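Chemist: Residues per chain are reported as follows:
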Amino acid sequence: MALNKQQAERYVRHFTLKEIGVNGQKKLLSSKVLVIGAGGLGSPAILYLAAAGVGTIGIVDHDTVDSSNLQRQIMHGTEDVGSKKTESAAKAVRAIDPDIQVNLYDLFLTPDNIMDIISDYDFILDCTDRFETKFLINDACVIAEKPYSHAGVVRFEGQAMTYVPGKGPCLRCLMGDVPHDAATCKELGVLGAAVGVLGSIQALEAVKYLTGAGDLLCGKILTFDGLSMNMRVHSMPCADPGCAVCGKDASIRSLNKNNSDYRTDGCSIGGDDVS
Amino acid sequence: MVIINGNAADAAGKTVSQYLSQTNYAKNRVAVEINGEIVPKSQYESTILNDGDSVEIVGFVGGG
Numbered sequence: 007m008a009l010n011k012q013q014a015e016r017y018v019r020h021f022t023l024k025e026i027g028v029n030g031q032k033k034l035l036s037s038k039v040l041v042i043g044a045g046g047l048g049s050p051a052i053l054y055l056a057a058a059g060v061g062t063i064g065i066v067d068h069d070t071v072d073s074s075n076l077q078r079q080i081m082h083g084t085e086d087v088g089s090k091k092t093e094s095a096a097k098a099v100r101a102i103d104p105d106i107q108v109n110l111y112d113l114f115l116t117p118d119n120i121m122d123i124i125s126d127y128d129f130i131l132d133c134t135d136r137f138e139t140k141f142l143i144n145d146a147c148v149i150a151e152k153p154y155s156h157a158g159v160v161r162f163e164g165q166a167m168t169y170v171p172g173k174g175p176c177l178r179c180l181m182g183d184v185p186h187d188a189a190t191c192k193e194l195g196v197l198g199a200a201v202g203v204l205g206s207i208q209a210l211e212a213v214k215y216l217t218g219a220g221d222l223l224c225g226k227i228l229t230f231d232g233l234s235m236n237m238r239v240h241s242m243p244c245a246d247p248g249c250a251v252c253g254k255d256a257s258i259r260s261l262n263k264n265n266s267d268y269r270t271d272g273c274s275i276g277g278d279d280v281s
Numbered sequence: 036m037v038i039i040n041g042n043a044a045d046a047a048g049k050t051v052s053q054y055l056s057q058t059n060y061a062k063n064r065v066a067v068e069i070n071g072e073i074v075p076k077s078q079y080e081s082t083i084l085n086d087g088d089s090v091e092i093v094g095f096v097g098g099g
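Heads up: the protein sequence lines correspond to chains A and B, in order. Numbering-wise, the first sequence is residues 7 to 281 according to the numbering used here. Numbering-wise, the second sequence is residues 36 to 99 according to the numbering used here.
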């Protein structure tokens with residue numbers, strides 16, 4: 007695939023990067039990335055993926071834009087209040103680059119539908135706002151052998167890691183069980199610029215994975231505290247052999263819709279009530 | 036003494052599990068890094084904190 011004149015102009019700053027260059031740009035243009043959650047993390051992630059020229063972007067969310075989203079979900083604007091987040095996100099992507107293929111999934115992610123949805127994508131971003139969905143994505147990606155980027159944020163702080171099949175730990179290796187009683191952004195508050203740091207890191211990990219640039223947050227977890235400005239990378243080079251989903255004697259071999267780990271009491275992904 | 040999140044703590048001889056439960060950390064909300072490497076969850080019962088260990092307890096948050 008050759009780049010056309012418009013693409014050659016648009017991506018000229020990438021060509022100067024030896025880690026990306028023209029070949030890396032071609033890889034981005036032919037890549038498919040799925041972003042689950044079009045809220046605080048998803049906003050910068052989707053905008054940066056679109057700007058970078060990721061050819062196909064899938065967006066999963068079942069929520070509508072609320073005015074309380076706007077202090078951090080920078081992909082949505084005042085005129086989008088009341089619109090579907092997927093539609094608002096597609097509009098933002100088209101404004102950056104109308105040539106990008108956008109696939110919208112206006113639905114709740116469940117153990118029944120997630121495997122089908124992720125199967126079509128090269129890399130997945132978990133931009134959701136609760137642990138139950140984060141574990142559903144983790145388990146699905148481990149079982150389907152899909153690489154993905156995890157992030158979580160509340161207040162001024164958060165963490166990010168990247169899972170690559172066979173190359174390091176998954177979220178369950180690090181956390182074990184789902185913390186069902188974890189406090190949410192609604193309860194604790196969240197600053198837009200802080201969630202923006204983590205969402206940008208997720209887009210960066212996707213671009214690096216797709217182009218082969220640099221080192222991923224694989225076998226590592228990055229923690230960020232915007233109040234102290236401490237950013238640290240902690241090392242966990244190997245998966246936990248006792249992990250329930252990626253360990254050698256894993257008890258989770260397929261997604262069970264009755265697994266209470268994934269139960270969110272009907273709350274939406276990227277929902278306004280928490281994100 | 037064990038250095039935990041920058042502070043000296045009288046935790047030598049305890050397992051990671053024992054230390055977390057005594058200090059009211061929820062095991063599934065944190066990762067425990069000892070001397071620069073995170074301890075796998077399945078080894079919390081068998082990993083003992085030693086004199087001079089440097090420990091970081093890293094919290095996870097779930098928003099987004």
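Check before you lean on any hint, since a few could be wrong.
[As the list claims (entries may be wrong)] Straight-line alpha carbon distances no greater than 20 Å define the calculated SDA-like cross-link-like pairs of lysine to any residue that follow: (1) A:K254 <-> B:I92; (2) A:K152 <-> A:P185; (3) B:K62 <-> A:K33; (4) B:K62 <-> A:A250; (5) B:K62 <-> A:H186; (6) B:K49 <-> B:Y79; (7) A:K97 <-> B:S77; (8) A:K214 <-> B:Q78; (9) A:K173 <-> B:V74; (10) A:K226 <-> B:K49; (11) A:K226 <-> B:V93; (12) A:K173 <-> B:R64; (13) B:K62 <-> A:S125; (14) A:K173 <-> A:C244; (15) B:K62 <-> A:K97; (16) B:K62 <-> A:S266; (17) A:K192 <-> B:G71; (18) A:K38 <-> B:G94; (19) A:K226 <-> B:Q57; (20) A:K173 <-> A:I149; (21) B:K62 <-> A:V108; (22) B:K62 <-> A:M121; (23) A:K33 <-> A:A8; (24) B:K62 <-> A:K263; (25) A:K11 <-> B:G71; (26) A:K97 <-> A:S125; (27) A:K226 <-> B:G71; (28) A:K226 <-> B:Y79; (29) A:K226 <-> B:G48; (30) A:K263 <-> A:V108; (31) A:K33 <-> A:K90; (32) B:K62 <-> A:I149; (33) A:K38 <-> A:T22; (34) A:K226 <-> B:N40; (35) A:K254 <-> B:Y79; (36) B:K49 <-> B:Y60; (37) A:K33 <-> B:Y60; (38) A:K90 <-> B:N40; (39) A:K24 <-> A:G220; (40) A:K226 <-> A:G198.
The set of hints was computed from the structure by calculation and includes no laboratory data. It should be emphasised that the depicted structure is a prediction, and the values quoted were computed from it without experimental measurement.
Chemist: If a hint holds in the structure, say so; if it doesn't, say that too.
Modeler: Comparing the hints with the structure gives:
1. A:K254 <-> B:I92: violated, 26 Å
2. A:K152 <-> A:P185: Violated - the C-alpha atoms of A:P185 and A:K152 are around 24 Å apart, more than 20 Å.
3. B:K62 <-> A:K33: violated, 41 Å
4. B:K62 <-> A:A250: Holds, at about 15 Å.
5. B:K62 <-> A:H186: With Cα atoms ~13 Å apart, B:K62 and A:H186 stay inside 20 Å; holds.
6. B:K49 <-> B:Y79: holds, 10 Å
7. A:K97 <-> B:S77: Violated, at about 46 Å.
8. A:K214 <-> B:Q78: violated, 32 Å
9. A:K173 <-> B:V74: Holds, at about 17 Å.
10. A:K226 <-> B:K49: At roughly 26 Å apart (the allowed maximum being 20 Å), B:K49 and A:K226 break the hint.
11. A:K226 <-> B:V93: Judged against 20 Å, a Cα distance of about 12 Å means the pair holds.
12. A:K173 <-> B:R64: With a Cα-Cα distance of about 23 Å, the restraint between A:K173 and B:R64 is violated, given a limit of 20 Å.
13. B:K62 <-> A:S125: violated, 32 Å
14. A:K173 <-> A:C244: Given that 20 Å is the threshold and the Cα spacing comes to 8 Å, the pair holds.
15. B:K62 <-> A:K97: Given that 20 Å is the threshold and the Cα spacing comes to 42 Å, the pair is violated.
16. B:K62 <-> A:S266: holds, 18 Å
17. A:K192 <-> B:G71: Violated, at roughly 33 Å.
18. A:K38 <-> B:G94: Violated: A:K38 and B:G94 sit about 32 Å apart, past 20 Å.
19. A:K226 <-> B:Q57: violated, 27 Å
20. A:K173 <-> A:I149: holds, 14 Å
21. B:K62 <-> A:V108: violated, 40 Å
22. B:K62 <-> A:M121: violated, 29 Å
23. A:K33 <-> A:A8: holds, 11 Å
24. B:K62 <-> A:K263: The hint is violated at about 25 Å.
25. A:K11 <-> B:G71: violated, 49 Å
26. A:K97 <-> A:S125: violated, 25 Å
27. A:K226 <-> B:G71: Holds. A:K226 to B:G71 sits at ~11 Å (cutoff 20 Å).
28. A:K226 <-> B:Y79: Holds - the C-alpha atoms of B:Y79 and A:K226 are around 19 Å apart, at most 20 Å.
29. A:K226 <-> B:G48: Measuring from Cα to Cα gives roughly 27 Å; hence the hint is violated.
30. A:K263 <-> A:V108: violated, 28 Å
31. A:K33 <-> A:K90: Violated. A:K33 to A:K90 sits at ~30 Å, over the 20 Å cutoff.
32. B:K62 <-> A:I149: violated, 24 Å
33. A:K38 <-> A:T22: violated, 23 Å
34. A:K226 <-> B:N40: Holds, at roughly 18 Å.
35. A:K254 <-> B:Y79: The hint holds at about 18 Å.
36. B:K49 <-> B:Y60: holds, 15 Å
37. A:K33 <-> B:Y60: With a Cα-Cα distance of about 44 Å, the restraint between A:K33 and B:Y60 is violated, given a limit of 20 Å.
38. A:K90 <-> B:N40: Distance of about 43 Å is beyond 20 Å: violated.
39. A:K24 <-> A:G220: This hinted pair holds, its Cα atoms lying about 11 Å apart.
40. A:K226 <-> A:G198: Given that 20 Å is the threshold and the Cα spacing comes to 25 Å, the pair is violated.
Hint check: violations occur at hints 1, 2, 3, 7, 8, 10, 12, 13, 15, 17, 18, 19, 21, 22, 24, 25, 26, 29, 30, 31, 32, 33, 37, 38 and 40; the rest are consistent with the structure.
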